[in-house]
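Let the hints inform the model, and build the full structure from the sequences given.
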Amino acid sequence: MFVVLLIALAATGGLYAAFAPAEEAQADNRAQSLAIDEGEALYRVGCSSCHGRSGEGGSDGPSLVGVGPAAVHFQVGTGRMPMQNPGAQAPAKPRAYTQAEIDQLAAYIGSLGPGPAVPEASAYDPADGDAARGGELFRTNCAQCHNFTGQGGALTHGKYAPGLDDVEPIFIYEAMLTGPQNMPSFPDTVLPEQEKRDIIAWLNAVNTSESPSPGGFSLGGFGPVSEGLFAWTFGIGALVALTVWIGARSAKARKS
Amino acid sequence: MSDDRDHPTSSQETETRKDVSDDHLPGERRSGELAVLDDPFADPGLPPHEHRRQDIDERAAKRSERTVALLFTVSMLATIGFIVAYVAIPIDRIVYIWPIGHISGLNFALGTTLGTALFCIGAGAIHWARTLMSDEERSEERHAVAAAPEVKAQVLEEFRKGAEESGIGRRKLVRNTMLGAMALVPLSGVVLLRDLGPLPEDKLRKTAWREGSVIVNENTGEPLRPEDITVGSLTQAMPEELDHHDHDFHAEIAKAAVMLVRLEPEDIKDPRSAEWGHEGILCFSKICTHIGCPATLYEQQTHHALCPCHQSTFDLSDGARVLFGPAGHPLPQLRITVNDDGYLTALGDFEEPPGPSFWERG
Chain D
1 MFVVLLIALA ATGGLYAAFA PAEEAQADNR AQSLAIDEGE ALYRVGCSSC
51 HGRSGEGGSD GPSLVGVGPA AVHFQVGTGR MPMQNPGAQA PAKPRAYTQA
101 EIDQLAAYIG SLGPGPAVPE ASAYDPADGD AARGGELFRT NCAQCHNFTG
151 QGGALTHGKY APGLDDVEPI FIYEAMLTGP QNMPSFPDTV LPEQEKRDII
201 AWLNAVNTSE SPSPGGFSLG GFGPVSEGLF AWTFGIGALV ALTVWIGARS
251 AKARKS
Chain S
1 MSDDRDHPTS SQETETRKDV SDDHLPGERR SGELAVLDDP FADPGLPPHE
51 HRRQDIDERA AKRSERTVAL LFTVSMLATI GFIVAYVAIP IDRIVYIWPI
101 GHISGLNFAL GTTLGTALFC IGAGAIHWAR TLMSDEERSE ERHAVAAAPE
151 VKAQVLEEFR KGAEESGIGR RKLVRNTMLG AMALVPLSGV VLLRDLGPLP
201 EDKLRKTAWR EGSVIVNENT GEPLRPEDIT VGSLTQAMPE ELDHHDHDFH
251 AEIAKAAVML VRLEPEDIKD PRSAEWGHEG ILCFSKICTH IGCPATLYEQ
301 QTHHALCPCH QSTFDLSDGA RVLFGPAGHP LPQLRITVND DGYLTALGDF
351 EEPPGPSFWE RG
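Heads up: the sequence lines are chains D and S, in that order.
Counting along the first sequence from 1, when you hit position 184 you're at 184 in the working numbering, and nothing is skipped either side.
Counting along the second sequence from 1, when you hit position 334 you're at 334 in the working numbering, and nothing is skipped either side.
Treat the hints as calculated values from the structure; they're not laboratory data.
Among these hints, one or two may not hold up.
[Claimed, not checked] Pairs of lysine-lysine residues, derived as DSBU-like cross-links and limited to a Cα-Cα distance of at most 35 Å, are as follows:
| # | chain 1 | residue 1 | chain 2 | residue 2 |
| --- | --- | --- | --- | --- |
| 1 | S | K172 | S | K161 |
| 2 | S | K206 | S | K269 |
| 3 | S | K62 | D | K252 |
| 4 | D | K93 | D | K159 |
| 5 | S | K269 | D | K159 |
| 6 | S | K269 | S | K203 |
[Unchecked claim] With the C-beta cut set under 8 Å, the calculated list includes, among others, these residues of chain D facing chain S:
| # | residue |
| --- | --- |
| 7 | T140 |
| 8 | S185 |
| 9 | P187 |
| 10 | G215 |
Quantities reported herein were computed from a predicted structural model and do not represent experimental measurements.
From the three backbone atoms N, C-alpha and C, an ideal C-beta is built for every residue, glycine too.
Encoded structure:
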């Protein structure tokens, strides 16, 4: 029995060695491990003070084991990480790393534990999404925090849901996939890839600086608060000005 | 304004300093003796009428006339522009207008032209009234409000005679039945209040959740397995029995809508809540117990769920206890388990009525 197993194993190994595209795989592996090494070096310098020497997390930052390359690409790609100073929430800002460095960091974090990978371009292409269905999904899953027009809103203790104007599709996709900071995640089992694409198509149709706003001034898209303030200040102000004009003493002929 | 009316005592000239305007100074000063007016509360009357330029200068009047006519003409042109815009501009044309941005060309044209048309009519009318119509002040005495005594007496006499002729004082049966009829009529209105709606009965306490109801994902309409719900995710869900096309769908989903979250089991503080969940998956009603908004602003790190309407905050790691805000009760939790096919199902309806409190809620 043991001998048979040994022979079978040897045969399988030999066959694999004979048929596997050995050089390519090795080259891939070598490039991958090089990226991981480079990423680890970058991580030690830029991230380890909060997230721990090997991504285990600490009092200042959460563990990064299992968050996956997609989370790294989102957090570092939007400039949220590295954080400028401790606070309720890391705001988006100009990114501090090049794309190559972000890929290396992502490779290193990806090597710590399995997590969502950076999506392919086809996953988040707004052209393949159904904007109308996306609007429905947005109102069910996203509007409670990000506002029904995607303008964002306040949460507790200084945290907030950011506005979604002009966010690159890949970052919207990764945010839904990974649930950055206090945002819940929407894994594919809850919100399949096609539905994520629908939401991206919707945001792309209505929430970019190029998107038309048929009604004109959206006044921040906050609804009755800003609209009421505008009406009270400017509408009633104009009415008061007109009333003053109607009631003013008309110009008299100068005595001469 | 330094005429005699303002300074009735300045009858005698005294030494006055020529470099100071005497507008607001008493006309003279005597040795501590006050001048007494005949009637200090006398009606000062109207100030003398001052003419406007248009009243005395025909060219100015002509200019005003032309301005008013111009405003009315602009209004006419704007109305024509409105009609042209309505016909000519397609409804989906988007134009860029600084500083408003990309807006509907039709909306912008219609609003601008109609606004101009209405404004110019108003502005023309006001300019006309202010510059050309007569602005002579007039005063008329008010008539006494009370009627003359003889008219009063006549009316009272006729009223008394009418009451006597109707016999309302004498024929008590007629009077009493009339009062009774008039007192009963409003009851019909009270009875009609019943039509304000069917009684709620126990509809507020029961939802569409039954024992064995499969929990389906509201996004996909598919049933959910425990492994679909990862820690930190948020899932909007509803019972499988509800169909979007049912006529009572909205009435039922308004009570049955739930959200599913998954916490690390050691993060769940309330043992009953943990027991009612499944391996850390908790299923809460998402209808806020204050006035029924969907309280699904879920912060996955703090496990707080907020209501967007009045900021009620529920701690989902502690049985949805109210941490802040006007909500009076925790969000009801649905007891869940996994059925033989591996799908998440309800173990029954909510233990307490979901949604806003009501009188008989208990």
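Comparing the hints with the structure gives:
A distance of roughly 18 Å separates the Cα atoms of S/K172 and S/K161; the hinted pair therefore holds under the 35 Å criterion. For the hint linking S/K206 to S/K269, the alpha-carbon distance of about 28 Å falls within 35 Å, and the restraint holds. Between S/K62 and D/K252 the CA atoms are separated by roughly 16 Å; this keeps the pair inside 35 Å, and the hint holds. Proposed proximity of D/K93 and D/K159 is supported: the alpha carbons are some 16 Å apart, at most 35 Å.
Our distance criterion of 35 Å between C-alpha atoms is met by S/K269 and D/K159, whose separation comes to about 23 Å. At most 35 Å may separate the alpha-carbon atoms for a hinted pair to count; S/K269 and S/K203 meet this at roughly 32 Å. Against a cut-off of 8 Å between C-beta atoms, the interface hint on D/T140 holds, since the closest Cβ of chain S lies about 6 Å away. For D/S185, the interface hint holds, the least distance from its beta-carbon to any beta-carbon of chain S being 5 Å, beneath 8 Å.
Hint status for D/P187: holds, given a least beta-carbon distance of 5 Å to chain S, under 8 Å. Annotation: D/G215 was flagged as interfacial toward chain S, and the flag holds, the nearest CB pair being 7 Å apart, inside 8 Å.
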